[in-house]
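Asker: Chain residues, written in single-letter form:
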Amino acid sequence: MPVLPKRLSGFTVIPIAYPSSSHFIYARAHTPPKSKTLKSKNVLPEGRTLFLVNVPPDATEHELTLLFKDCGTVERVLFDFNSADAPEEYASDSDEEMDEAAEEFDTEARPRKKRKLQTSEPTPPKVISLPSPSLRTLRKTGSCAHLIFLDSSSLAKALSPPTSPKPWPSSEEPRGLSHYMAKYDNERPPLDTIKAHADSFMECFEFDLSKSKQEAKYRKGEAIVDEDGFTLVTRGGAYGQTLGGGVGVASKKFMLTGQIGGRKKKDKKKEKDAFYAFQKAEKQRKVILDMKNNFEADKQRIEKLKESRRFKPY
Amino acid sequence: MNQVDSENTNRHGREEPLTGHELRDIKDAADLYQSGSFKLQIDALLPNVRPKESGRQQLDHFLFALRAHCISIPSIAPLSPLAAMKVLAKQGVAVPSVFPLPAPDVKWKVAFEPPREICVVGSWGNGIAVKKQIGSRFSVDLSMEMPEALFQEKDYLDGRFFHKKSYYLAILAQSISTAFDVDTFYSSALGDPRLTTLVLRSRNGSASYDFSKSHTEVHVIPVLSSSSPLSPSRLFPSHSNVRVPSSSSPPNFPTPIYNNTILLSTCAKEALMSTHELKNALPAFHDAYTLLRVWANQRGYGDGELCVRGFERKGSFWAGLLRYLSLGDELVGTKSGIAKLRKPLGKGLSSYQLFKAALDFLAKHKFGETPVFTKTTNGHRCPPEEYITHHPAIFVDATSTINFLSDVPLTSLDLLSHDAKETLEQLSNPGASSDTFADCFLKSRFKISSRFDAVIRVNLSQASRNQSTSTVIEHGSSDAALLASISSLLRRGLGNRTQAIAILQPVTPYRPMSSAESPSTSIIHIGLIYDPAHAFRLVDHGPSAEDQDSNVAKEFRYLWGSRAELRRFKDGRITESVVWEVTTSDERAHIPVSIVRHLLQLHFGLSAKYARTLQTPFDNILQLPDDVRRLHRATGGCKAALIAFDGVVRSLKALDEQLPLALLNVSPISEYLRYTSTFAPLPIPASISAELPESLRFLPTIPIILEFEKSSKWPDDLKAIQKIKLAFFETIAQSLMSSNPGLKASIATGGSSNPFQGYAALEIFTAEGWSFSAFIWHDREATLLDRIIDPGKMFVSPSDQKYNAQEQREAKVAQELYTRRFIHAPRHHRAIVNLCHKYSAYSGTVRLVKRWLAAHWLLQTHVSEEAIEIICALPFVGGKQTSTESAAAVPHSKERGFSLVLEFLTDWDWKEPLCLTLYEDDPSATAPEMWTSNGPDAIAVHRLRAFAREASKALRNAETELDIKSLFLHSTDDYDIVIQLNPTVLPRYHQNINAESSVWTRDAHLGITESTPRPGFDPLPLFLADLQSTYADTLKFFADSFGGDRIGAIWLPSLGAPRPFRALAGFSSKPLAKEDKAKDKDLVMLNRQAVLDEIGRLGTGLVQKIIVHEPM
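These protein sequence lines map, in sequence, to chains A and B. One gets the numbering used here by counting positions in the first sequence from 1 and adding 30 to each. One gets the numbering used here by counting positions in the second sequence from 1 and adding 170 to each.
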């Protein structure tokens, strides 16, 4: 067996022992892009973030933590954190994104976060989440991950080429058949849990709604005025008033296409197109020419078919 | 020249005006033909089926030499027939023997004198020859007129004429074969020795007379001159011209076919002349004749592997048909008055119009009922009544002596009518998606599996030939008599159950000159085309009990044998009847075939072993093994599923008061509720489920859609809507469970991270063991999703929420699912249910095709079931909206439907859109990509076509010998990897085409069963989906969704070579050892073994082993 390179384009090659082969993870210290805002730097602190390429598709945070256990304590693992993908998005609400990545199954993360940011007096109701036992999430093969060590000294350790392939650790999350069974059972929680979850969510939703109404700029009965001082005329509510949050006065078709209704189309052509003799002749000529062209086109098509020996029936 | 012209016109910016001649041509093409391009295609076709100029000279050279030789053959003095035979036998030439053989002591003698006149007759003589199907040689008919001196007045008796003719032919054969360097054969059309001709073929590399370039063979036909001593009046149909010594038959029986065959020898020249006249009178005759012959040849009316009984060497019939159409009827005075006459066609018709008129006549004319007498010049020579009483089918030519159809069974004529009807339907619907011209002239219709609803392969070698001597003499050979008898019995027995019965046999082969008899046919194929209104009738009524002794009753009892019995029916009638008892719908579909079998057994002693069909093996493909059905202990089926569905709907509606909104509609969207699931759905009650081994446990969940009344109380927020749905489900579940004991309801939340998507479903598990999953359709979702995807549509947003790209992507996914599930699925379901009700064979076809696709690892993963349901509708609907089940081209059995779909898939150009009008309720609703957006991709379609080609080839080749199962067996050789799964943990394994019962019996003994039933749980698609999404750019996966226990995969070729390292490469790589330090970039390569190890790890508990077919 030829000797494999220890380093590749600035990445350290970390071989992982599989039952009958080796898998290779490529590691590099994370270098944040220069144009990034402070926030993204907070997420991936320079100096103690390891950038991993070609992570096994079924890797869990725990498994990666175990893999780098001898280099140091791992604070957090972020999978598929791709800042180049949609920079604006992440710049604006990377906090949220991060939490979502961490709590895969907690779809309620967003509303709760919003609520937290707005410091408000009445305590909002809490959403009782559905049970989310630890199940593996499969990612695409050859994907990458960011591993954040607690201590920056671990980074150097992790980047020094290992002498021998490490075995792939295994965490307690089920795999294969038992994974699918667990997932099946998990997706069918007891009815009372669902009830509690749905009720509390709706309570929270109502709460948010009423609060946003309170805080909204526009109130019932007040005209909507934009930054340039234009008043938006909307279709009247109950009493022909212009209402905040109403539906635009323009027709739906106009809203969708930007075109004004079909009255114009009804306008008839004023000129007759077969009034003068020459017009008639032109028309006739055109018909004949069209006919000829069609015929020629057909002919060419048949010629082509002829070449493909189509007309030999047997 | 044209090129230059067009350039000129371009330069001047004006188009050259058309000349009047051109204009007329174009106009004509559009008006007189189907369309301009149809005309052009006809023009392109014609030269290909006509003889070429090459080799003509050599042929003429040979013909002259042949003529010179024949007229100088020395005469042979009269000999007794047997002595003459012996003399020739010594020279290795047999005299074609004609039944009855001459007695040893006959007084008459055979002799030879050189032919008086030698002519080229038939289609070659008129220059209208059309290429034949087999061997593609044109036949040059050469008539040699036997001198009158050889015959006596009484030669029409006892086959004396035929013996003399045979002897004459044998002498010619002997002399020609010694004088010329050519291959000589005897050929007896239809196996009738009376029609024997001598065939001369150019031998390859022959020095003297090589006319192989002309692609012809010469048929030498001895004919009788018009002034022969045989009196035509003795040969009228009613005359009895054979005396049989035996006592079994009446002494004087009319011999119409025998007589007709003698007359055929008298009119070769006359036919040549009259066709020539016709050719001159009708400018389009030649083209129309050619079209008609090509059309007929493609359908087996002529030569070929499987030709329709009775049409061998019947070229004169087609010319006669056109002559009849242009001349019109001869007046026939019958008892009921003068029959309505047909108007002759105009002389100026185009070839296409003439062709269509011929088809129109064939389609509408009932040969069994109305005789055809072509207009003659001097009136009938023979009283028409004689024909009417003695021939079953009558088409008398312009000479009024010959009936073209004397030896053509009525069944074949029914088929001819049917084929004509089918082609006319296609021609009158030119807008149909398929290519009319190709269907009409270019495609051969020899694939009997796609042409007939049922095909029965009959081995005649063991048939009891109990026909009387007289019938054998009349038909010329024992085979012919047997086939005639089979044909008429089947026609009577099947009655209006079939539109047509085809008796197909291979064309009679040429035989060497040394053999006197034509080889007998042992294998025939009987094809049935059902009439859907009557085909599956359970009772055949005969005459009533009162006229027990009438002839009708006797015939009825003779026809059916012990099956005929007197029965009293509900309405009080007591009649002779035959009752076909069936228990399943499959058995009912077999009734016509059982009738054929019964008749063959009763009358010809042919047991089921000798009459085989593919129906039962096809049925078995769609059924679970017997022991599985026993273990399940339940009777399922679509009907039962529908009843269960109705039950669920009823209990849901009963909850009305307990729900905040009224339930408006429950729509089914499942194949299990529209008769198109491959396997009949089986309920598994919880009690039984616990006892079943894992590999038998699959219980399908049947999706349904709940629609509630509109309400303003729904929140205007997608996420909240999904939560409200959850709350709804919870209420329904609780109240359902409390009102229906034994019913279990749970809520599947679906582990999706997409917040907009309504994954949640209410799962209802009924006491009988059916499982349904219900979704709630809320139409506001569509608008809300639209707003997220395209904020421009939101004129004023109620809140200032902005959606990022990620959310828009998710919304798009959610919207696609929403439209598919809530808008299109119910519509599709309704359309398919309609089709199932309209066409009895449709559901069976879909089930077979789905099974076949699944068996070849393409269904579901690559081709959606809905797409297949639409494709399967094609042979039924045919692109026309108005088609009904009785249309000629619509298949009436699932086997034929399957075969037609295979044929379509074979040359499916998936880039061409396929347009079907299925959604009748709303024709504007088109969903081009709804069911095919997730595949098939190019690879899958390519494979699909390859499999279809294989399968239809296999179906055609072996016709019925083949083991149907082999069509459904999948070869795994061309996969790079095959992942073998553990069958004992797959709940669907019992549906596997090769399911081994040891898997579930062993499992049951071990008692490894989990207690909780998981309705709808099937790990294979879950695992497959995970693999597909994980390795989308590395591997392509295939698997059988119906109980498959293997997954096949191929490496995508794009990752084959080493490539430079990239961080976001998207595949599992391994670094390559550096070889050349100087130039190299850091190359990596796909780490195949590691991927396989990973797959093994992902499928822990499922994967048994991974087989690699390719060197790593």
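A few of these clues could be false.
What the hints assert, rightly or not - 30 Å max Cα-Cα, derived DSSO-like pairs, lysine-lysine:
| id | chain 1 | residue 1 | chain 2 | residue 2 |
| --- | --- | --- | --- | --- |
| 1 | B | Lys302 | B | Lys439 |
| 2 | A | Lys334 | B | Lys883 |
| 3 | A | Lys243 | B | Lys439 |
| 4 | B | Lys383 | A | Lys241 |
Stated by the list, open to error - On the chain B side, residues computed to face chain A include the following (Cβ under 8 Å):
| id | residue |
| --- | --- |
| 5 | Asp473 |
| 6 | Leu476 |
| 7 | Thr546 |
| 8 | Asn548 |
| 9 | His550 |
| 10 | Cys552 |
| 11 | Ser916 |
| 12 | Gly920 |
| 13 | Phe1231 |
To be verified - So the derived label-pair ranges between C-beta atoms look like this:
| id | chain 1 | residue 1 | chain 2 | residue 2 | range |
| --- | --- | --- | --- | --- | --- |
| 14 | A | Leu189 | B | Arg1119 | 24 to 30 Å |
| 15 | A | Ala304 | B | Ser882 | 55 to 61 Å |
| 16 | B | Pro1191 | A | Pro199 | 25 to 31 Å |
| 17 | B | Ile558 | A | Glu333 | 50 to 56 Å |
| 18 | B | Arg373 | A | Lys334 | 51 to 57 Å |
| 19 | B | Asn629 | A | Glu337 | 42 to 48 Å |
| 20 | A | Ser338 | B | Glu223 | 56 to 62 Å |
| 21 | A | Leu319 | B | Pro1191 | 38 to 44 Å |
| 22 | A | Arg331 | B | Pro1191 | 16 to 22 Å |
The set of hints was computed from the structure by calculation and includes no laboratory data. The beta carbon of each residue, even a glycine, is placed where N, CA and C say it ideally should be.
Asker: All hints are to be evaluated individually against the structure, with a verdict given for each.
Answerer: Cross-check of the supplied hints:
1. B:Lys302 - B:Lys439: holds, 22 Å
2. A:Lys334 - B:Lys883: violated, 64 Å
3. A:Lys243 - B:Lys439: Roughly 104 Å between the alpha carbons, so the hint for A:Lys243 and B:Lys439 is violated.
4. B:Lys383 - A:Lys241: violated, 97 Å
5. Asp473: B:Asp473 check fails; min Cβ-Cβ to chain A is 10 Å, beyond 8 Å.
6. Leu476: violated, 14 Å
7. Thr546: Violated - the Cβ of B:Thr546 stays beyond 8 Å from chain A, reaching only about 35 Å at its closest.
8. Asn548: violated, 40 Å
9. His550: violated, 39 Å
10. Cys552: violated, 39 Å
11. Ser916: With a closest approach of 5 Å, the B:Ser916 hint holds.
12. Gly920: Nearest chain A Cβ about 6 Å off; hint holds.
13. Phe1231: holds, 5 Å
14. A:Leu189 - B:Arg1119: 24 to 30 Å: violated, 56 Å
15. A:Ala304 - B:Ser882: 55 to 61 Å: Cβ of A:Ala304 to Cβ of B:Ser882: about 57 Å, so the range 55 to 61 Å holds.
16. B:Pro1191 - A:Pro199: 25 to 31 Å: Check passed, 30 Å falls within 25 to 31 Å.
17. B:Ile558 - A:Glu333: 50 to 56 Å: holds, 52 Å
18. B:Arg373 - A:Lys334: 51 to 57 Å: violated, 40 Å
19. B:Asn629 - A:Glu337: 42 to 48 Å: holds, 45 Å
20. A:Ser338 - B:Glu223: 56 to 62 Å: For A:Ser338 and B:Glu223 the Cβ distance comes to about 24 Å; the hint is violated.
21. A:Leu319 - B:Pro1191: 38 to 44 Å: Violated, since A:Leu319 and B:Pro1191 (Cβ atoms, about 59 Å apart) do not stay within the stated range.
22. A:Arg331 - B:Pro1191: 16 to 22 Å: Violated, since A:Arg331 and B:Pro1191 (Cβ atoms, about 45 Å apart) do not stay within the stated range.
Going through the hint list in order, the structure does not satisfy hints 2, 3, 4, 5, 6, 7, 8, 9, 10, 14, 18, 20, 21, 22.
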